[in-house]
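Engineer: Sequence:
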Amino acid sequence: MTTEACITKEAQGLSFFEKYLSAWIALSIIAGIVLGKIAPGVAQYLDSLAIFVGEAPVVSIPIAVCLFFMMYPIMVKIDFGEVLMAGKNIKPVGLTLFVNWAVKPFTMYAISLFFLGTLFYNFIGPEAVDHVKMPLGLNLAVGGTYGVGQVVLVNGVKMLQVPLWRSYLAGCILLGIAPCTAMVLVWGSLARGNDGHTLVMVAINSLAMLFLFGPLGGFLLGIGRLPVPWQALVLSIGIYVALPLVAGYISRRLIIKARGEAWFKEKFLHVLTPFTITALLITLVLLFSFKGDVILSNPLTILWIAIPLFIQTNLIFWLAYGLAKLMKLDYKDAAPSAMIGASNHFEVAIATSIMLYGLSSGAALATVVGVLIEVPLMLMLVKICLKTDHWFS
Numbered sequence: 291m292t293t294e295a296c297i298t299k300e301a302q303g304l305s306f307f308e309k310y311l312s313a314w315i316a317l318s319i320i321a322g323i324v325l326g327k328i329a330p331g332v333a334q335y336l337d338s339l340a341i342f343v344g345e346a347p348v349v350s351i352p353i354a355v356c357l358f359f360m361m362y363p364i365m366v367k368i369d370f371g372e373v374l375m376a377g378k379n380i381k382p383v384g385l386t387l388f389v390n391w392a393v394k395p396f397t398m399y400a401i402s403l404f405f406l407g408t409l410f411y412n413f414i415g416p417e418a419v420d421h422v423k424m425p426l427g428l429n430l431a432v433g434g435t436y437g438v439g440q441v442v443l444v445n446g447v448k449m450l451q452v453p454l455w456r457s458y459l460a461g462c463i464l465l466g467i468a469p470c471t472a473m474v475l476v477w478g479s480l481a482r483g484n485d486g487h488t489l490v491m492v493a494i495n496s497l498a499m500l501f502l503f504g505p506l507g508g509f510l511l512g513i514g515r516l517p518v519p520w521q522a523l524v525l526s527i528g529i530y531v532a533l534p535l536v537a538g539y540i541s542r543r544l545i546i547k548a549r550g551e552a553w554f555k556e557k558f559l560h561v562l563t564p565f566t567i568t569a570l571l572i573t574l575v576l577l578f579s580f581k582g583d584v585i586l587s588n589p590l591t592i593l594w595i596a597i598p599l600f601i602q603t604n605l606i607f608w609l610a611y612g613l614a615k616l617m618k619l620d621y622k623d624a625a626p627s628a629m630i631g632a633s634n635h636f637e638v639a640i641a642t643s644i645m646l647y648g649l650s651s652g653a654a655l656a657t658v659v660g661v662l663i664e665v666p667l668m669l670m671l672v673k674i675c676l677k678t679d680h681w682f683s
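For the sequence shown, this note's numbering begins at 291 and goes up steadily by one.
None of these hints come from the bench; they were simulated from the model. Everything hinted at is true.
Derived pair list, reagent style SDA-like, types lysine to any residue, alpha-carbon separation capped at 25 angstroms:
1. Lys618 / Asp679
2. Lys555 / Ser541
3. Lys615 / Gly384
4. Lys381 / Val672
Keep in mind the model is a prediction, meaning the values are calculated, not measured.
Let the sequences and hints guide you as you build the complete structure.
Structural biologist: Next comes the structure, spelled out in structure tokens:
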């Protein structure tokens with residue numbers, strides 16, 4: 291499978307922004323907490339800039355703009371012509387799809403439920419609650435119930451009051467059903483894997499999310515007794531996946547037609563690289579300006595969420611890597627198959643959690659923890675791949 295046709299220079303190593311992503315994330319967390327202390331109204335005002343359906347704020351405009359600039363640079367890199375060639379590599383593609391959609395969402399749910407709802411239950415607090423958005427189209431009276439949530443008034447706005455640990459669980463679920471991120475192009479390349487296979491799976495997973503993200507999310511949130519805003523789930527896929535996907539596909543074709551493929555790769559994509567990280571960091575500042583008090587009062591909150599995410603990532607990696615060995619795949623296909631399964635599409639998870647439950651929700655915080663541990667954890671898995679490539683010889 292040809293790789294040069296669709297891989298950019300950025301996929302050959304970590305750019306300046308990507309190399310120090312953990313540091314930028316830490317600085318964004320600090321900046322958000324400081325902002326929340328000295329100017330708490332700023333984030334609240336920005337979150338109020340939303341598209342409303344009835345009286346419900348459905349789409350946060352600042353977050354939608356940020357996410358578009360997170361997602362567009364990913365989508366514009368995809369050469370969908372490669373997807374048509376995926377049939378020539380059916381074994382690694384089949385393995386990745388199986389792990390991503392038939393295994394990963396359910397192991398994420400089970401592991402998060404055990405740790406957050408049992409092992410860490412008393413640490414999080416049996417009485418700790420979170421206030422999340424009312425589901426789109428739902429107009430219950432104050433005191434009414436929906437799932438495990440109870441309708442309460444918060445600053446004059448109807449909200450659902452849910453157990454805090456279940457809100458964290460919702461964020462973990464959204465991470466579990468969002469496979470493959472922009473960074474997976476970097477992880478696969480650093481592990482010296484098949485770049486063509488990685489790009490094919492980015493494209494296929496982007497398309498699969500259009501059809502599977504909503505149903506899987508609704509099902510797992512439902513059995514977790516959490517609010518399931520179906521309309522908002524569908525809308526989030528349209529805004530956060532379909533829109534940048536279509537924009538990337540159309541603009542890629544137009545730019546290559548007008549300026550040529552070499553200019554597209556060497557000039558256009560190079561300029562776009564910082565946009566994804568910058569938009570992500572702005573979103574994190576907003577999130578932590580709301581959640582700063584929670585973190586300062588209970589700094590172990592990050593740890594309670596990070597532990598199940600760490601275990602889940604390692605489990606999925608070793609499952610995919612082991613199955614690749616059993617299927618007698620080449621190392622160049624085995625490494626990216628395991629990387630794609632292990633990584634999360636945290637951009638979509640963050641945006642969806644904000645749309646469904648609100649910027650200040652525990653669900654949004656849980657998706658941010660996914661970002662926090664992604665870089666060091668995936669770099670560790672890259673090193674494991676490089677040291678075990680002889681397993682597949």
